[in-house]
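Single-letter residue listing:
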Amino acid sequence: MTLRIPRRLSGEGGIARVNRDKDAVLPYVEVATEGEKTPAPPPGFWTRRERAILGCLGVAVTLGLWEGIAALRLVDPLFLSAPSRIVRAGASMFASGEIWTDLRVSGLEFAAGYGMALVGIPLGILLGWYRRLYYLVDPILSALYATPRVALLPLLIIWLGIGIWSKIAVVFLGAVFPILLSTVAAVRTTDPRLLRAAHSFGASDLQIFRTIVLPGSVPLPGSVPFIITGLRRGGGRALVGVVVGEMVAATAGIGLMISIAGNTFQTDRVFVGIFLIAAAGVAMVEALTRLERRFEKWRPPVGTGV
Amino acid sequence: MPRAKLEADGIVLEYQQPRTGSCFRALDGIRLRLEEGEFACVVGPSGCGKTSFLHIVGGLLRPTAGRILIGGRPVTGPRPELAMVFQEPSLLPWRTVIGNITYGLELQGRATPEAIRRAGEIVALVGLAGFESHYPHELSGGMQQRVNLARALAVDPEVLLMDEPFAALDAQTRELMQQELLRIWRDAGKTVLFVTHQINEAIYLADRVVVLSGRPGQVKAEVVVDLPRPRPLSIKRQARFLEIEDRIWGLIEMDARRALLTGTSIPAPSA
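Those protein sequences? They're chains X and Y, same order as listed.
The opening position of the first sequence corresponds to residue 1 in this note's numbering, with each subsequent residue numbered one higher.
The opening position of the second sequence corresponds to residue 1001 in this note's numbering, with each subsequent residue numbered one higher.
One or more hints might be untrue.
Residues from chain Y that face chain X, not an exhaustive set, calculated with beta carbons under 7 Å [to be verified]: (1) A1004; (2) G1058; (3) L1060; (4) M1084; (5) E1088; (6) S1090; (7) W1094; (8) L1107; (9) A1171.
So the derived label-pair ranges between C-beta atoms look like this [unchecked claim]: (10) Y:R1183 <-> X:V137: 29 to 39 Å; (11) X:W46 <-> Y:R1186: 57 to 67 Å; (12) X:Q207 <-> Y:P1113: 17 to 27 Å; (13) X:L206 <-> Y:P1113: 16 to 26 Å; (14) X:V137 <-> Y:Q1016: 28 to 38 Å; (15) X:L54 <-> Y:E1114: 56 to 66 Å; (16) Y:G1010 <-> X:L206: 34 to 44 Å.
Simulated from the structure, these hints should not be mistaken for lab results.
Each residue gets a CB set at the ideal place from its N, CA and C atoms; glycine is no exception.
Next up, chain X with everything else stripped away, as it sits in the complex:
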């Protein structure tokens, strides 16, 4: 006879151990007799991969339909292009090397602007901690947050020219507010029960800040990354900033490339640009999700019901 405790439940061993002298209250301890019964077969290939398989299927069907419509000339390829034509255009752009300049410029604008926007984290902590400071700047922040930042582009171009700096500025402005405001929210929603417990041990403001507010709002190792939401939203805005900024006025970049290709009816090249941007967005979301997971070992799993 062996006692087998399901893996998922053995993680909650707390309950099992407290009641170890009361076997009757352990309904989830499974008793199996070795040799007589084969263990349940592992979930099949289909069950484990269901999500990925269906996702790929959806993409494949869409691309197939698209290609079919183009091949049957149901719509002029000038308007719709086709997956095969896009792949061919992309391959030649990479082979000739012309696209690398655009990628480098756009990537630089994104990285610099987004990197600078991280200043929203310390600023947000400051505003979340000092209530009066927050009241002071809240109306301005809210107004700026509500204004589509690309509306500021003409101004930024007057100030900074059509080179990369005007784009860095619009990326920064796009990303900094979501990051800042979500940090403020994280600090301001600090659990009052934790604060009361800390006060009962005579904690100083500085100690409360260091042990509760900071780990509760900033992605430090072993802490709560509520602001990941802000980083994600900020990243989306930053991407919009790069593309729209370059479309309005630029000397190089993916946005400019799309704009020129569009104006000259090179639909294939427009789609190459769109797919590159989409890939960048997906990669960013994925990276942030992984970052989030690294900080979450203390957090109960969501959606499994505790």
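Please build the complex by placing chain Y on the supplied structure of chain X, with the hints as guidance.
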């Protein structure tokens, strides 16, 4: 008369009602003495200000009038001689069990290697051995309250203040935790002030039950519990126990009925 370990002297608490602006008296001249090593429980109908009183004793809330004395010295804020155990979950979710237990020591700047070693012993005392590196969400409610208790014990206070620590637990776990608490109290030798709305919990635990009346909270009676120790859980069904329970219920019943009719409890004080 020996000097009391803890003394509450004429504690009055008044609130300004946020909406009407009118003044509202929550506690009216509470007087209480705790001797060294004594286990006292405060019971009262809901909304009688039990929790507010405990927060005042713990220095989290300033009374409108009256004072708290520890060993004869007046208290104005949180003191290292006192440690609180809260009803609500108040563990840092991003710290492990041992990290939470040493949290109070850290805040008081007393996290010496010696204190940390003693914290390890307290882990065993409250029955958490083997769970040191678990996170709070991986523990059951009863286990979390053990961590809460261990965190308070780790700072080696002279007096433990407990605010309905078992109220959120299921009935069986609560009974077992009561028994555990008595064992820990005997081993650790602390003075305990325990607030609860459950009459039988108060009788089972306490040397003395302080009965508060409904709003405004006043000491209605003090009932000495002369049941022998150690107390098995079955003592709750003995005639003497039930007799004391009847008597305290008799003292509270009118106020409890009134609280039921008027509904709301007093607003939670902001610390």
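To see whether the hints hold, each was checked on the structure:
| no. | hint | verdict |
| --- | --- | --- |
| 1 | A1004 | violated (22 Å) |
| 2 | G1058 | holds (6 Å) |
| 3 | L1060 | holds (6 Å) |
| 4 | M1084 | holds (4 Å) |
| 5 | E1088 | holds (5 Å) |
| 6 | S1090 | holds (4 Å) |
| 7 | W1094 | holds (5 Å) |
| 8 | L1107 | holds (4 Å) |
| 9 | A1171 | violated (13 Å) |
| 10 | Y:R1183 <-> X:V137: 29 to 39 Å | violated (55 Å) |
| 11 | X:W46 <-> Y:R1186: 57 to 67 Å | holds (60 Å) |
| 12 | X:Q207 <-> Y:P1113: 17 to 27 Å | holds (20 Å) |
| 13 | X:L206 <-> Y:P1113: 16 to 26 Å | holds (24 Å) |
| 14 | X:V137 <-> Y:Q1016: 28 to 38 Å | holds (30 Å) |
| 15 | X:L54 <-> Y:E1114: 56 to 66 Å | holds (59 Å) |
| 16 | Y:G1010 <-> X:L206: 34 to 44 Å | holds (35 Å) |
Taken one by one, the earlier hints fail for this structure at numbers 1, 9 and 10, listed in ascending order.
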